[in-house]
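Colleague: Those sequence lines, one after another, are chains W and V. Reminder that position 287 of the first sequence reads as 287 in the working numbering, one-by-one numbering, no gaps. Reminder that position 101 of the second sequence reads as 101 in the working numbering, one-by-one numbering, no gaps.
Because the hints were derived from the structure by calculation, they are not lab data. Careful, some of the hints might be misleading.
Claimed, not checked - Label-pair restraints from in silico Cβ distances:
no., chain 1, residue 1, chain 2, residue 2, range
1, W, E232, V, R64, 55 to 61 Å
2, V, L75, W, L428, 54 to 60 Å
3, V, L51, W, S12, 47 to 53 Å
4, V, G161, W, R30, 36 to 42 Å
5, V, S22, W, A88, 38 to 44 Å
6, V, G161, W, K56, 28 to 34 Å
This one's a predicted model, so the numbers in the text were calculated from it and none came from an experiment. Glycine included, C-beta positions come from ideal geometry on N, C-alpha and C.
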Amino acid sequence: MKIHDLPRPDFSKKSFLIIEDYEGMRGILRDILGRAGTTRIDFAGSGGNALAMLEKHRYDAVLCDLHLGQGKNGQQVLEEARLRRLTAPHTVWLMVSAEKTSEMVMGSAETRPDDYLVKPITETLLFTRLQRQMDKKKVLAPIEQAMRDHEYLKAIRLVDQTLAKTTPHTWDLKRLKAELAQLSGDLNQARVVFEEALNQRDLPWARLGMARLLFQEGRLDEALQHLLQVTEGSRSYLDAHDWLARTLESLGDLDGAQEALERALSVSPHVAARQSSLGQVAARRGDLETATLAYRRGIELARNSPLVSVEPYLSLARIFLARGETGEAAKIIGHLAGDMKRDSGARFLARVMEIPIRLNSGGEKAARKLLEELAPSLRDAAHQLPPEVAFDLAGPLMRLGDSETTDALFASLLANHHDNADYANRVLTLYSEAGRGDDGAKLVADTTRSALEIMDKGVRLSREGKLDEALSLLRDARHKMPGNPRLLLNHAYLLISHMEQRGRDLHLVKEALDCIQTARRLRPHEKRAGTLLAKLERVGGVET
Amino acid sequence: MSDSPFLNAEAGMSMANFLVSSVHDMKNSLAVMANFLESALAQAPDQSAPLYRQTSQALYETQRINDHLIQLLALYKIEQDFYPFDPQEQNLADLATDALSRVANLADSNGIALEYECPDDLHGWVDYELILGVLVQALHNALHYTRDSVHCLIAADPRGGITIRVEDNGPGFPDFLLQQGTSRDRGVSFETGSTGLGLYFAGVVAGLHRNGERGGGTHLENGGRLGGGCFCLELP
Chain W
1 MKIHDLPRPD FSKKSFLIIE DYEGMRGILR DILGRAGTTR IDFAGSGGNA LAMLEKHRYD
61 AVLCDLHLGQ GKNGQQVLEE ARLRRLTAPH TVWLMVSAEK TSEMVMGSAE TRPDDYLVKP
121 ITETLLFTRL QRQMDKKKVL APIEQAMRDH EYLKAIRLVD QTLAKTTPHT WDLKRLKAEL
181 AQLSGDLNQA RVVFEEALNQ RDLPWARLGM ARLLFQEGRL DEALQHLLQV TEGSRSYLDA
241 HDWLARTLES LGDLDGAQEA LERALSVSPH VAARQSSLGQ VAARRGDLET ATLAYRRGIE
301 LARNSPLVSV EPYLSLARIF LARGETGEAA KIIGHLAGDM KRDSGARFLA RVMEIPIRLN
361 SGGEKAARKL LEELAPSLRD AAHQLPPEVA FDLAGPLMRL GDSETTDALF ASLLANHHDN
421 ADYANRVLTL YSEAGRGDDG AKLVADTTRS ALEIMDKGVR LSREGKLDEA LSLLRDARHK
481 MPGNPRLLLN HAYLLISHME QRGRDLHLVK EALDCIQTAR RLRPHEKRAG TLLAKLERVG
541 GVET
Chain V
1 MSDSPFLNAE AGMSMANFLV SSVHDMKNSL AVMANFLESA LAQAPDQSAP LYRQTSQALY
61 ETQRINDHLI QLLALYKIEQ DFYPFDPQEQ NLADLATDAL SRVANLADSN GIALEYECPD
121 DLHGWVDYEL ILGVLVQALH NALHYTRDSV HCLIAADPRG GITIRVEDNG PGFPDFLLQQ
181 GTSRDRGVSF ETGSTGLGLY FAGVVAGLHR NGERGGGTHL ENGGRLGGGC FCLELP
């Protein structure tokens, strides 16, 4: 066969977005696509520009350079576009790069491009890859739509139907199926795929998948063995290093966890979340130099991106406060207020953190004045406060003698985490150090008891068939402890039982979905969330 | 400049970074040059003029440097433990057409018949970029030494895995190269100007591809269907 005999594809009806900061390359890509009849090509020279164009139009294909000079890189654009649903289910996203990088080959379905092209790009390479991916997306679009609707069981069904026919995309589909099975809480189905893949070849994604699954089941030592196998030969599987660090941290090996994160950062230092993880592990080890540097880098990387979060700012300020460097803490909190000025929750936290800062810099009067101003909102919003902020505030509040607000903060914290022994112990210690040991013990006992009682009562009522009563009980309880994953999942369970008996109700479906998604955000590795999602799907269509 | 050890460590880091980023930069320049040369060849009125031959030769040399830079970069990353090796079940006819298209202009300008044979639905577990690098290098080599014909043959191996052969109808490999076999430790040959980089790279890449206990390998032979040199890559 001669390659001159091969026909060119017809892309005359397809629309393209080319995201590329280098004009020469834009021209090359336009010329190549032109030879396949394409006329509808838009160009973006930067990540920000690209997102603006993606907002306006759903393209059939996006060719995106990984390196875009200043600003967002291609990977960040892809992740934001997927997060904000700026692509159609059939959109093909090809990442173009001067070299193969680990971000392109690992990651989840949400963070992986459909395919990647390593430069130099030739006509044949671009055409064959585009055509293959367009064909694949035609098959995958209904599956992708089901995923967007959180209908994972339906998506799995569609994958199985496609796999039953001959398809050139077997392993892409199987890998997707494993991810879907995990999202719907069916770990065994995922395990079958990973085992089959590992019988084929020692595939890093399959080994990592297996490790994550074992981690989720609490089989940390087995997870560790798989992770060591993936990471031993190569530093480049970054996700695997993040999971290795997480696993080692859970096993209590903080030194090992820090080493794993540092190894991953030596290859790819520009990931905000990884820098923050390093900050956290290093701070736990007492390595404050490393922690400070890592948090600073994490903050810098996430600034002006949707990944910006209060956590690294608060953690860094905490370190400075503990070291008595109040001025530095104040600076960081100032950055928090500025960088996240459009987020009212973040602005509130920044003001709240002024209390310990003022107090530590000797401004007791100013601290007291601020506390008086903020106390009512603090008590109202207690359940939204990150747990560590409650602990940050505990000392200052007690010193300023505001036991009402202190009690409100910890009652809320304990209600949302009634099954967390670590928090309970820390609260007990705090109170007894402040000479209020009895109050602390009572607070812990009361909140735990009342959370358990509500859940027991809910179960009892639903067993007795009093579903409406049970529902209103849990709805009330949810107001008091909106961040309690167990309660949220019980609530979802009840809503689903309700619908199983009385038929599907759009409002209840939405309410249940909201509970499950909040619980999943709070506790990403909770298997029950997936199981309930699957149950919800069986009871009726899920609409979002 | 400060003599702080911390700064020196940073400088050492940046030397490697400079090397890597310069190689990328050189690759970009070479791609532009190759593009110019290809369009010059396409527009040339007289293919028998000496200028045409020289341009074609310049294109070959440009692509040879490009091959070497790609191989050096990949080897550096593999040896520094950060090459993201990613075997996927790839369609091998796509791989063949991609590889051949990268050398097609060179073949045309030298009047060499370039063909491939690969079942449409044959798939293999390969790291696409690495195997493409090996294949393009082998094709460039064959195009340089052949008389007028180069074939790329990809087939399923009855023992499992695949074999890729690049055959030509030139004079074949010299004895000393055939005798060196698959050893990766052969030295630089100053007589031939060959650094051995291409074969070393092919050997490393083949070795990374594993199926259980079996690893891939390469060897050279003379003969084949066209009677010249044959480069063989076996992947389990």
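Colleague: Each hint: holds or not?
Modeller: Tested hints:
1. Against the hinted window of 55 to 61 Å, the Cβ-Cβ separation of E232(W) and R64(V) comes to about 35 Å, which falls outside the hint.
2. For L75(V) and L428(W), the hinted distance range of 54 to 60 Å is satisfied, since their beta carbons lie about 59 Å from each other.
3. Checked against the hint of 47 to 53 Å, the pair L51(V) and S12(W) fails, with Cβ atoms roughly 38 Å apart.
4. For the pair G161(V) and R30(W), the beta carbons lie near 40 Å from each other, so the given range of 36 to 42 Å is met.
5. Taken as a hint, the range 38 to 44 Å holds for the pair S22(V) and A88(W), whose Cβ atoms sit roughly 40 Å apart.
6. Between G161(V) and K56(W) the CB atoms are about 48 Å apart, so this pair departs from the stated range of 28 to 34 Å.
Of the numbered hints listed earlier, those contradicted by the structure are 1, 3, 6.
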